[in-house]
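Chain R is already provided as a structure; the job is to place chain H on it using the hints.
The chain contents come next:
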Amino acid sequence: MAQILKDMGITEYEPRVINQMLEFAYRYVTTILEDAKIYSSHAKKSSVDADDVRLAIQCRTDQSFTSPPPRDFLLDIARQKNQTPLPLIKPYSGPRLPPDRYCLTAPNYRLKSLQKKVSSSAGRITVPRLSVGAVSSRPSTPTLGTPSAQTVSVSTKVGTPVSLTGQRFTVQIPSSQAAVKSATPTTPTVQNVLINPSLIGPKNILITTNMVSSQNTSNESNPLKRKHEDDDDYDNL
Amino acid sequence: MSAYNQQGDPTLYEEYYSGLKHFIECSLDCHRAELSQLFYPLFVHMYLELVYNQHESEAKSFFERFHGDQECYYQDDLRVLSSLTKKEHMKGNETMLDFRTSKFVLRISRDSYQLLKRHLQEKQNNQIWNIVQEHLYIDIFDGMPRSKQQIDAMVGSLAGEAKREANKAKVFFGLLKEPEFDVPLDDEDEEGENEEGKPKKKKPKKDSVGSKSKKQDPNAPPQNRIPLPELKDSDKLDKVMNMKEAARRVRLGPECLPSICFYTFLNAYQGLTAVDITDDSSMIVGGFADSTVRVWSVTPKKLRSVKTAADLSLIDKESDDVLERIMDEKTASELKILYGHSGPVYGTSFSPDRNYLLSCSEDGTVRLWSLQTFTCLVGYKGHNYPVWDTQFSPYGYYFVSGGHDRVARLWATDHYQPLRIFAGHLADVTCTRFHPNSNYIATGSADRTIRLWDVLNGNCVRIFTGHKGPIHSLAFSPNGRFLATGATDGRVLLWDIGHGLMVGELKGHTDTIYALRFSRDGEILASGSMDNTVRLWDAVKAFEDLETDDFTTATGHINLPENSQDLLLGTYMTKSTPVVHLHFTRRNLLLAAGAYSSQ
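The listed protein sequences derive, respectively, from chains R and H.
Everything in the first sequence is counted per this note's numbering, starting at 1 for the first residue and increasing by one.
Everything in the second sequence is counted per this note's numbering, starting at 1 for the first residue and increasing by one.
Just chain H, same shape as in the assembly:
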């Protein structure tokens, strides 16, 4: 707990603050909004300084006098702050310590800054100037001062906004090229054409995605930027299935909304803490507060485990259906329960090849389960504190986990220690997601920011601020260009990854948004929340007409249109069932999951 050294006389802190307040309130309208950003960080830092230097009574009166002036979205922080009255209270609170040592970033236009500087450099305001210099980082931009609305959209995080150069690194947001396939056409696809009984000529159809773009997409990462596992035969079969399903996919849009199928978990007694659905929508897993992980099969095909070694030696290994024969019919059931964790399971994730399941829990471990034997294979110990979320990479093999220790870790299934540690957040990492090209990881945190990390070297390439509460859901658009985020403030924010800007705000939900998902081709964004509704938004319209000229990117100004109502395509209520998970099937049917709570 180093230098929180005395800046001036503690009893005069109230004077300094009210002096500054007076100055700002008397300044010109156009500057006032920007300069008002100073209030909150100065208030907190001055209060913490008084507490740290053990001037309890001054701290108390300082708090009483000025805490009502702060913006409404800082109320939660202020409440936590009001309980910190002694120096000892600060010791255990890592978030407060981080806040103390990091500089709060403010983005102010040059004109407003000149005004402020001139005022503070007057002799009687020297103390405040020292405090400002020590605790605040003022990122100056040339241009028009921002309006209150613009500022309100971007502030809210624990460390202020993001510096301009934090969002300048090049991000490869394009998708990796899919391998080319020969897709044999089905008989049923050719039914209409061959009524005369002519011999059917089955032309192999080339994968259209691969052949169209021979050139490398400049925004896509090179194929071997990070090592990815090779495609096995079973993966290739899976991809063929995927393409066949994609051909039958419903094209969604404002006129054609998806049907929603809701899976309600009954008798969960508020114990359902995590849900995941496989990509082909064949299995659902639920993580529960009683530390069990339950896997259900939602297709008529039951869950089977592999035969014991003795039986396996008896089967004919050369037969065509050997993959069926290794499964033990006696163990077929619709539900499998996996025991092993010693705390509530907060995150679950299926592997893309449906062989493995990950679960992370409050006991600090991430467990890998085999879905062929339904036993636990590995426990990855690294976080020693509750792990809030985990996810497999879209290509398998890698997975990311984020927890209470404020870092996210990248693991590979065959290494017992993490490969990358993404440190930088000021508070717990509550949500972790892979980008579709597996080269970047987005982490949402309780410090109200979202950071985008590069898997190759662990650098933070983007910082997105704007939410006013801890982030609980993230979704990448299928084309990899955009990110949607939802938090406890009930807003869904849309971000352009390439430019590092906020491009949309969807207001409508009244409670925490726990689930966000784009449809398979990115036309519709579905959001599910604690307010028992699922809302559908028009993603195509939200992302078109982006003002991405140089001026906007240079200054980071955004002018968000108030078009939430136009973008909202539908609101669907459930019967007192908060929505925990959303999933679009390969044919664009929306599946939703939640636990019925009788309140």
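Bound conformation, chain R alone:
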């Protein structure tokens, strides 16, 4: 590896670079060879062929090592884009930002109404969890509070920050959210929605809502409590 670096003309590098490159090389080669093995077995060959390896490399490059678009394509879209005249600027329009859905300014919480719940018999307590296919490197502190049947109190912050990356939580948003208008004896509960778009980005959230069976809806106390993490809090950390 050191020889390769020397051949490419790189003279100054930290010693860790060699280890990282070795790791990368090993990982890359094993992935390719595994893919090649699959292709060769699919083609019902007894051993892995050079063609299989070539096919494996080709498929992987399209996936992980994409390269920027070719020049003629760029020139083409540039010509298209540059033909439209520059848009006029509206005067006196305050902060000039794109339409709201392209901004990260949406509130990442929704307020719940403080309702005093009548105690119910089958006070099923569901621990709320959020299903997120999120890729966020920003630490957040989800608070999972176990609600009591009667009161709806906001629990205090749980101490340790939990990274949201790669963790899957499932949320059960009771269907009373939809059926809130139907006549239920108990006061309708507004559910908290545990969405944090400013952290994650609107496209990365997968929220699976499981429909809870109807007899439990009216009995459920508000299970979802998640303290809104204000962005300002991070300045005080």
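Worth double-checking, as some hints may not be accurate.
Stated by the list, open to error - Pairwise CB distance ranges, derived in the manner of DEER restraints:
| hint | chain 1 | residue 1 | chain 2 | residue 2 | range |
| --- | --- | --- | --- | --- | --- |
| 1 | H | 133 | R | 37 | 47 to 55 Å |
| 2 | H | 152 | R | 24 | 33 to 41 Å |
| 3 | H | 122 | R | 18 | 20 to 28 Å |
| 4 | R | 60 | H | 566 | 52 to 60 Å |
| 5 | H | 82 | R | 47 | 31 to 39 Å |
| 6 | R | 24 | H | 300 | 47 to 55 Å |
| 7 | H | 239 | R | 94 | 15 to 23 Å |
| 8 | H | 571 | R | 84 | 33 to 41 Å |
Everything labelled a hint here was simulated from the structure, so no lab data went into it.
Owing to the predicted nature of the structure, the values given are computational and were not obtained by experimental measurement.
Just so you know, even glycine gets a beta-carbon here, dropped at the ideal spot from N, CA and C.
This is chain H only, laid out in the frame that chain R set:
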């Protein structure tokens, strides 16, 4: 990967090349320098052709034999080329593909060209002639053949030089007219005159810039050529402040050098990747490799964020100091950290009205942050590859970004997609700057050229070649006429935008130049580099006595005087701190920033 078709027998390529080499070396001295320009592009194209057509062994021996003959400034390219031995290697490398498909431009005088043509059209040299015709574009000019020195100054880019007509378009390099203001004089300015206690008569002073030139500067763009945001009241106040400061500005010159104040970032562990300072020098932002953006206040006034909505409804909106009251005292601090990017932050830029901050990063996005709430407002996704540089327009509202995908994009803060795409570079766009009149954008690239683009229609109006390494810094002179560029080769080159010519070369730095800045009135050029020095150059002297007669502009000949030593006004060493950013305050104090690296 279309036609790199076979031109003749691969085994004979070495013969063709050495035949041509022999011919050129035997030609007259005056022609030899010009014809030697052919070596490098022919070498690369022939090598790539052999590789593409899978003649590996011939390619290898061809490379071995001739790579030592090439000019020293092509060594980096040759090293990359030596690793390309198979056809598959060429596939992912966009720069090589672009090089293959674009024609390498050579500028040769008519006499030398006739000589070459006559030789190549002889029957036995037919193959080389075909290759030349296919891959090279020979721009012929009438006049004296150039000397080696002249040629060396201009070559170096990945695509050869610029064709003459590439630099012929009219460029409006003048400045836009400033609006007229009534500047009320301060009490302190009149102190000396009113000792007798006479009632002070405050005469409003008219803005001298506006009243002097009633006529339109022919070189300035019309005021409404591109839509620009109107001036708000806060902008007008800012301009008044600017003019007051300008009155107290120190006039710099060879006798009066600026004082330099250096901001050293400690404990950055080589993570500092971008720095910007506001125009009034009140805030510094640092972009770091750990994907954070940190904003510091360098004045005693701390950074405050706006109060929450609940508190805002309580304040008295009619009071005079409502702008102060909306700020939350509890959040006052000297440092604010902004999280949001998922990769190292390579470029930062304050908006002229100090309300917004832009940052661009390796994750491919450009983020707009509000400096009133210190939160992220928008993420502009367009480049899907690392974005190397971004800058707000001098009037705000527009910003430009350039990245690994070889294009620069012009955005407006209220459009989630770019307004203009500037495509044309052969390699990454590493540096992007607005012209002071906001009508043009300069982009420096890893293909060693600088291009000037027109914002109105996206056309490339100037191509400047001459650097021998990727360009990392650009600076427009305050009068808009000149451009200074710095690259990894350690030279600062000066260009006349109107004529499209190189007018100066400043040698002195020994490492990449990452920061270039003209003083407020354009008298001094400061350059900061990886070699831990800041150098000051006399810009007035560098730009006077320009030989811009017709002959020069027609042929593009330049005769650069070797006056770097005369122009160098001072060299200032830092303690192992590479200089990343330079900024002249409104009173011409030079601020510099860099991260202390203990090596």
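In this structure, is the beta-carbon distance linking residue 571(H) and residue 84(R) contained in 33 to 41 Å?
-> About 49 Å separates the Cβ atoms of residue 571(H) and residue 84(R), which means 33 to 41 Å is violated.
Just tell me: holds or violated, for the beta carbon distance of residue 152(H) and residue 24(R) against 33 to 41 Å?
-> 40 Å, holds
Honestly, do residue 122(H) and residue 18(R) meet the 20 to 28 Å range at C-beta?
-> Because 54 Å falls outside the window, the suggested range is violated.
Taking 47 to 55 Å as the hint, is the beta-carbon distance of residue 133(H) and residue 37(R) inside that range?
-> 49 Å, holds
Just tell me: holds or violated, for the beta carbon distance of residue 24(R) and residue 300(H) against 47 to 55 Å?
-> 49 Å, holds
Take a look at whether the Cβ-Cβ distance between residue 82(H) and residue 47(R) falls inside 31 to 39 Å.
-> 34 Å, holds
Range hint 52 to 60 Å (beta carbons of residue 60(R) and residue 566(H)) holds or violated = About 57 Å separates the Cβ atoms of residue 60(R) and residue 566(H), which means 52 to 60 Å holds.
Cβ separation of residue 239(H) and residue 94(R), checked against the hinted range 15 to 23 Å | The hint (15 to 23 Å, Cβ to Cβ) holds, given that residue 239(H) and residue 94(R) are roughly 20 Å apart.
Taken one by one, the earlier hints fail for this structure at numbers 3, 8, listed in ascending order.
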